[in-house]
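Student: Spelled out, the chains give:
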Amino acid sequence: MEMENLYIEGSDYIPEVDFRADTGVLTISGESYHEYTLEFFEPIFDWLKRYTATSGRKIELNFRMSYFNTSSSRRFLEIMNLLEDYHFNKGGQVVVNWYYEKNDLDMLESGEEYAEDVKLEFNLLPY
Amino acid sequence: MKGDKLTLYNYFNDMNKQEIILTFKGTISQDILADVGISLRSKLGSYNVSKKTFAIFVELAQNIYHHSAEKEFSASKGRPAGVGVILIQNKEDHLILSSGNLIENYKVEGICERCEYINGLTEDELKDYYLKQRKKPTGGVGANIGLIDMARRSGNQLGYHVVKIDDDNSFFSLSVKVNKSED
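Taken in order, these protein sequences are the chains called A and B.
Letter by letter, the first sequence follows residues 0 to 126 in numbering that gives the first Met the number 0.
Letter by letter, the second sequence follows residues 0 to 182 in numbering that gives the first Met the number 0.
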């Protein structure tokens, strides 16, 4: 079955979400501090669960964030854990790219901490 | 109403004396946060200091929004939202962000213990605690790591104070210091 792409336009407090079903390039960028984070991320998890129902996909997960709150930080970890499970148990090939503005040391540190927490191939990329 | 004007003038002068650059009382929506973010970037020169200050401001505001015992119905959201007060003081070499709101008395002990525990940790221990807590499932709306995140960004102890108001509620205030010198 063909999967549709997922696109959510970003705003001041929600990130742009651009998940391409055909290429497996999934990108989250911008700022994330929605006050009801769980609700905001619900369609994202729903899409990911359907996308990973097919085994063996090649996925590139890109984060290019300038700021996110602690609630989003937890959701990001959950996304990575979902893809980690897909990578190790369902024949997926997943790579995470964590982009950070080169002067933003906190953002680099956040990436390093996810890299410690998640067993996927993890690239820290300054821009 | 000449008296009212004079009172407001005194209030304004007091705020200036206390070096308050921003104050807000009520429910602080994400739209207001976005405006605060822009305003902080222009008021505070340094990229890292203004980012840190904004991040702490968001955590304080969203704590109030989700956890204050005093709620107000938000017409735009169609549901209740927490009410509190929040302010930023801009001192010579540091900023102080303070928040205050009502909390249920039965929660006071837990939150004070949490602050004490956090204040007793080193930078590395704080990081480990943050990562450990982030992995734990939570039942509620928040991430349960806001206080740890603020302490880490601040690099200073969390200040907190509780005043019992009645049999149900207390006023809980929290203050977080941000140094202006870059580390």
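It should be emphasised that the hints constitute simulated quantities derived from the structure, not laboratory data.
All residues carry an ideal CB built from backbone N, CA and C; glycine is no exception.
Treat the hints with care, as some may be off.
What follows is a list of derived Cβ distance ranges for each label pair [unchecked claim]:
no. : chain 1 : residue 1 : chain 2 : residue 2 : range
1   : B       : Y8        : A       : E100      : 39 to 49 Å
2   : A       : D84       : B       : E71       : 17 to 27 Å
3   : A       : F44       : B       : Q17       : 37 to 47 Å
4   : A       : E41       : B       : G25       : 34 to 44 Å
5   : A       : T53       : B       : G158      : 49 to 59 Å
6   : A       : A52       : B       : H93       : 45 to 55 Å
To spell it out: a stretch of chain B is covered by chain A in this simulated footprint if at least three of its residues, at any positions, have a beta carbon under 8 Å from a beta carbon of chain A; those stretches are [said to hold, decoys possible]:
no. : segment
7   : 29-36
8   : 44-55
9   : 58-64
10  : 145-156
Student: State for each hint whether it applies.
Tutor: Hints and how they fare:
1. B/Y8 / A/E100: 39 to 49 Å: 43 Å Cβ-Cβ, so the 39 to 49 Å window holds.
2. A/D84 / B/E71: 17 to 27 Å: violated, 41 Å
3. A/F44 / B/Q17: 37 to 47 Å: holds, 45 Å
4. A/E41 / B/G25: 34 to 44 Å: This hint is violated: roughly 28 Å between Cβ atoms.
5. A/T53 / B/G158: 49 to 59 Å: For B/G158 against A/T53, whose Cβ atoms are near 52 Å apart, the range 49 to 59 Å holds.
6. A/A52 / B/H93: 45 to 55 Å: holds, 51 Å
7. 29-36: holds (count 5)
8. 44-55: holds (count 6)
9. 58-64: holds (count 3)
10. 145-156: holds (count 3)
Consistency note: the structure conflicts with the earlier hints numbered 2 and 4.
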